[in-house]
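Chemist: One line per chain: the protein sequences are A and B, in this order. When we follow this note's numbering, the leftmost residue of the first sequence carries the number 1, and every step to the right adds one. When we follow this note's numbering, the leftmost residue of the second sequence carries the number 1, and every step to the right adds one.
Read the hints as simulated data drawn from the structure, not as lab findings. Certain hints may be false.
Claimed, not checked - Which bits of chain A does chain B cover? Going by a derived footprint, with three or more residues having C-beta under 8 Å, they are: (1) 33 to 41; (2) 45 to 56; (3) 105 to 117.
Unchecked claim - Below are the DSS-like pairs computed for lysine-lysine, each with C-alpha atoms no more than 30 Å apart in a straight line: (4) A:Lys22 to A:Lys69; (5) B:Lys42 to A:Lys49; (6) A:Lys49 to B:Lys83.
Cβ atoms here follow ideal geometry from the backbone N, Cα and C, with glycine treated the same way.
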Amino acid sequence: AQSVAQPEDQVNVAEGNPLTVKCTYSVSGNPYLFWYVQYPNRGLQFLLKYITGDNLVKGSYGFEAEFNKSQTSFHLKKPSALVSDSALYFCAVRDIYSGAGSYQLTFGKGTKLSVIP
Amino acid sequence: EPEVTQTPSHQVTQMGQEVILRCVPISNHLYFYWYRQILGQKVEFLVSFYNNEISEKSEIFDDQFSVERPDGSNFTLKIRSTKLEDSAMYFCASSVQGLAGTDTQYFGPGTRLTVL
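Chain A with its partners taken away, still in its complex shape (with noise of 0.2 Å):
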């Protein structure tokens, strides 16, 4: 079965500050990896996705995140955090092995950013 943890409930960084949202997955297999955002009273925005290649994966509004296998993790980043970053981000991961047909995401429960100016 695959899962998704995002060990903190809760991020809070200082704008002009890098901030990192972290998330780390378990499969079977090998995973495909993505991130949400969301904002209030909106749907689950798509930043970006891990499917093969490149470990390093840059997205929507400046955001990148570092696929590292050893470590099975999937962390979000950017360099420099903005007031507007603030949201809730959902990780999610796919097990390219869950069988074919099989499209469902697995998501993490989510991690509040909170960037202060």
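Given chain A, work out where chain B should sit, using these hints.
Modeler: Quick look at chain B alone, frame taken from chain A:
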């Protein structure tokens, strides 16, 4: 930019009543999904739908749940007899193709279902 839309944004119902949650996926997408999030818990997969058939469902998706694509644009989730524990935020999502799970699923804003 095309978006997944959902109606209503908030639905309040009495226990035992039937509810239908509606979604309009992105127009050229072929795969559709429902997920739910009980307050304070993880987002959980319910069902995926392709070519007018359920392609996968979770243990949560029991006989009380059904999905339908009644026309070329809408995708609905029906709960026949709601229970208190069905109270949650329900998210619809769609993707262009399944592509063995590499394809990005795009989510709607959610419908908050409150069962009294």
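Chemist: Among all the numbered hints in the text so far, which are the ones the structure does not match?
Modeler: As far as the earlier hints go, only 6 is violated by this structure.
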